[in-house]
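Visitor: From first to last, the protein sequence lines stand for chains A and R.
The opening position of the first sequence corresponds to residue 0 in numbering that gives the first Met the number 0, with each subsequent residue numbered one higher.
The opening position of the second sequence corresponds to residue 0 in numbering that gives the first Met the number 0, with each subsequent residue numbered one higher.
Check the hints yourself; a few may be wrong.
Heads up, simulated DSS-like pairs for lysine-lysine below, C-alpha to C-alpha not over 25 Å straight-line [claimed, not checked]:
{"id": "1", "chain 1": "A", "residue 1": "Lys58", "chain 2": "A", "residue 2": "Lys3"}
{"id": "2", "chain 1": "R", "residue 1": "Lys230", "chain 2": "R", "residue 2": "Lys2"}
{"id": "3", "chain 1": "R", "residue 1": "Lys211", "chain 2": "R", "residue 2": "Lys238"}
{"id": "4", "chain 1": "R", "residue 1": "Lys136", "chain 2": "A", "residue 2": "Lys91"}
{"id": "5", "chain 1": "R", "residue 1": "Lys83", "chain 2": "A", "residue 2": "Lys16"}
{"id": "6", "chain 1": "A", "residue 1": "Lys42", "chain 2": "A", "residue 2": "Lys26"}
{"id": "7", "chain 1": "A", "residue 1": "Lys76", "chain 2": "A", "residue 2": "Lys61"}
{"id": "8", "chain 1": "R", "residue 1": "Lys136", "chain 2": "A", "residue 2": "Lys42"}
{"id": "9", "chain 1": "R", "residue 1": "Lys136", "chain 2": "A", "residue 2": "Lys97"}
{"id": "10", "chain 1": "R", "residue 1": "Lys83", "chain 2": "A", "residue 2": "Lys21"}
{"id": "11", "chain 1": "A", "residue 1": "Lys91", "chain 2": "R", "residue 2": "Lys119"}
{"id": "12", "chain 1": "A", "residue 1": "Lys58", "chain 2": "A", "residue 2": "Lys31"}
{"id": "13", "chain 1": "R", "residue 1": "Lys238", "chain 2": "R", "residue 2": "Lys22"}
{"id": "14", "chain 1": "A", "residue 1": "Lys27", "chain 2": "R", "residue 2": "Lys112"}
{"id": "15", "chain 1": "R", "residue 1": "Lys192", "chain 2": "R", "residue 2": "Lys147"}
{"id": "16", "chain 1": "R", "residue 1": "Lys211", "chain 2": "R", "residue 2": "Lys188"}
{"id": "17", "chain 1": "A", "residue 1": "Lys42", "chain 2": "R", "residue 2": "Lys112"}
{"id": "18", "chain 1": "A", "residue 1": "Lys76", "chain 2": "R", "residue 2": "Lys22"}
{"id": "19", "chain 1": "R", "residue 1": "Lys136", "chain 2": "R", "residue 2": "Lys147"}
{"id": "20", "chain 1": "R", "residue 1": "Lys188", "chain 2": "A", "residue 2": "Lys76"}
{"id": "21", "chain 1": "R", "residue 1": "Lys147", "chain 2": "A", "residue 2": "Lys85"}
{"id": "22", "chain 1": "R", "residue 1": "Lys211", "chain 2": "A", "residue 2": "Lys26"}
{"id": "23", "chain 1": "A", "residue 1": "Lys16", "chain 2": "R", "residue 2": "Lys188"}
{"id": "24", "chain 1": "A", "residue 1": "Lys3", "chain 2": "A", "residue 2": "Lys32"}
{"id": "25", "chain 1": "A", "residue 1": "Lys76", "chain 2": "R", "residue 2": "Lys112"}
{"id": "26", "chain 1": "A", "residue 1": "Lys3", "chain 2": "A", "residue 2": "Lys27"}
{"id": "27", "chain 1": "R", "residue 1": "Lys49", "chain 2": "R", "residue 2": "Lys83"}
{"id": "28", "chain 1": "A", "residue 1": "Lys58", "chain 2": "R", "residue 2": "Lys112"}
{"id": "29", "chain 1": "A", "residue 1": "Lys97", "chain 2": "A", "residue 2": "Lys58"}
{"id": "30", "chain 1": "A", "residue 1": "Lys26", "chain 2": "R", "residue 2": "Lys119"}
Chain A residues, not near chain R, derived (Cβ > 10 Å throughout) [said to hold, decoys possible]:
{"id": "31", "residue": "Leu7"}
{"id": "32", "residue": "Thr34"}
{"id": "33", "residue": "Phe51"}
{"id": "34", "residue": "Leu83"}
{"id": "35", "residue": "Leu103"}
{"id": "36", "residue": "Ile159"}
{"id": "37", "residue": "Arg173"}
{"id": "38", "residue": "Leu262"}
{"id": "39", "residue": "Asp285"}
No lab work stands behind these hints: they were computed from the structure.
Just so we're clear, the structure is a prediction, and the values are computed from it rather than from any experiment.
Ideal Cβ placement from N, Cα and C applies to all residues, glycine included.
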Amino acid sequence: MRCKNNILFIETDLTKKEIPAKMNELKKIAEKKITQIDLDAVKIIDSAGVAFLDELQQKFSKPDLINLSPEIERTHKIFSSLTLPKPQQSIKENFFVKIGESLLGFWQTAKKAVYLLADIFFWSFVGIVDRKGHRKGSVISQSLLIGVDALGIIGLLSFILGLILALQSAAQLRQFGANIFVADLMAVSMVTEMGPLLTSIILAGRSGSAIASEIATMKVTEELDALKMMAINPIRYVVVPKFHAMTLCIPLLVIMATLIGILGGLIIAITYLDISVVAFVNRVFDVITFKDAAVGIGKSFFFAWTIVIIGSYYGFTASGGAEGVGKVTTKSVVASIFWIIILDALNSLIFYF
Amino acid sequence: MKKEPIISTRGLVAKYGDATILKNIDIDIFPGEITVILGGSGCGKTTLIKNILRLFQPFSGEVKIFGQEVTQLDEPEFDRILSKIGMLFQNGALLNSMSIFDNIAIPLEQHTKLSPEIIKKIIRVKLNLVNLAKAEKLMPSELSGGMKKRAALARAIALDPEILVCDEPSAGLDPLTSASLDELILNLKKLLKMTIVIVTHELASIHRIADKIIFLDAGKVLFSGTLTAAKKSEIPEIKSFFEIGSF
Chain A
0 MRCKNNILFI ETDLTKKEIP AKMNELKKIA EKKITQIDLD AVKIIDSAGV AFLDELQQKF
60 SKPDLINLSP EIERTHKIFS SLTLPKPQQS IKENFFVKIG ESLLGFWQTA KKAVYLLADI
120 FFWSFVGIVD RKGHRKGSVI SQSLLIGVDA LGIIGLLSFI LGLILALQSA AQLRQFGANI
180 FVADLMAVSM VTEMGPLLTS IILAGRSGSA IASEIATMKV TEELDALKMM AINPIRYVVV
240 PKFHAMTLCI PLLVIMATLI GILGGLIIAI TYLDISVVAF VNRVFDVITF KDAAVGIGKS
300 FFFAWTIVII GSYYGFTASG GAEGVGKVTT KSVVASIFWI IILDALNSLI FYF
Chain R
0 MKKEPIISTR GLVAKYGDAT ILKNIDIDIF PGEITVILGG SGCGKTTLIK NILRLFQPFS
60 GEVKIFGQEV TQLDEPEFDR ILSKIGMLFQ NGALLNSMSI FDNIAIPLEQ HTKLSPEIIK
120 KIIRVKLNLV NLAKAEKLMP SELSGGMKKR AALARAIALD PEILVCDEPS AGLDPLTSAS
180 LDELILNLKK LLKMTIVIVT HELASIHRIA DKIIFLDAGK VLFSGTLTAA KKSEIPEIKS
240 FFEIGSF
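Based on the sequences and whatever the hints tell you, model everything.
Guide: Shown next, in the form of structure tokens:
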């Protein structure tokens, strides 16, 4: 580019390749006065070239374009942005408006969640006696998905967790000659806390995400609307079988996880602390109270319902295609785990404070 | 002087597993024309396009784009060819997590060193060309089917491609939206002198825009020539396609 007598001569073609260099040159002539832009040497121009000319015209108070070939003039006419209406500037939101909006959003979410909760509980209790609106065998197939398919991973993780807990505590207990108390520790921690919590967190990740993504996909592909149009209640048809299956499976999974976790502890007790099997088992049964077992299994029901309700809620609120499905699935897992831990804390306060 | 084809295939065979979808396809697509690839559902139209553009690797045969054999071309070299081709997918294929503006910015940011202000201007012009001037801040999920296709068209022409390939642009659109999209495609041909390849089986659309027709049936080319010649063709499949479709 060359500037002479207030005329800017452009001496190369104006295409995507040349424009970055031209933009750099533009900085050098920014202070000059330009009244005309000579395009005589320009043989090829594309949309980037026209955008560059627009940039020049905006920077130098609209200089005239001169010596354009008909071809360049035609392309300029097609791609020039100067004639387009100015884009609307978005209004910056006030800080208090943002707070108000998020509070309002939270209130709406809470309201919707409570309605859904009431709906799910209502239809789940109705569903125990009235099987109308359910798909045949859906509770069994859901139980297989939620329960049986999760046996392996829950069993394995409980066993490893049992081993770790026992091993970590054994090293300390041994110093005081309190080897046998590893049985107390394993029994209490697995029955009241680790068994239900570990099972629920795995289920939140595994089944909660599956519930949320399944319902969300049904929502964005209008399958839920199709059910409604067939006069079928989507909650009864889709959610209630999952609710029943989860209610059925979770106590069994918790019992299994607890027993396997204690078994892990037993192996450490035998191999590392020289405790006999009989002594360990007797100690476990001595320590565990009915209250501990009932609270452990009882709270797992609440965890299970939390997973189904949160998964369903996020599923029903999905929008915007595959992207929306992914978003709500992630949100549902995070929210499920959060509320499981909050419920667990509340439970501990109520029963053990 | 005879024009050289901008895209040509010789003996192109495409397979899904053991099933042969395209059998020895020989076609020529010439610059500056709108070529419509048509045929019934499942005849291999989209497969042909995807094999030409190497979205599927051809089983055998030769594909030339801009005179260069591309089936065995290295990826960087083929990418250079791809940067001169825009594709409008059946469902738009906009990236759902990005706004319309960001979607159109992808090829401009990835394949050029243009500054943000130039990119912004190009995007505004391209959106204006497809009559979506006010949609730049919207997300794809906020657009209707027709708007999505127009936004995807704006993305396809972001780099001023020499060839524009449209896979079923009218599918799922009402006749008016479909006609306006055809109008847009005709404008692109006229104003930007693009070579346009369209896969469709919408007769109204074919009548409006086609210069040349390539008729596929059961994985073979039954006819290749002008629209007028296609309408006069005595080949039973083509005859019944135009007759039944005109009801």
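Visitor: Tell me the numbers of any earlier hints that the structure contravenes, in ascending order.
Guide: 8, 18, 22, 29, 33, 34
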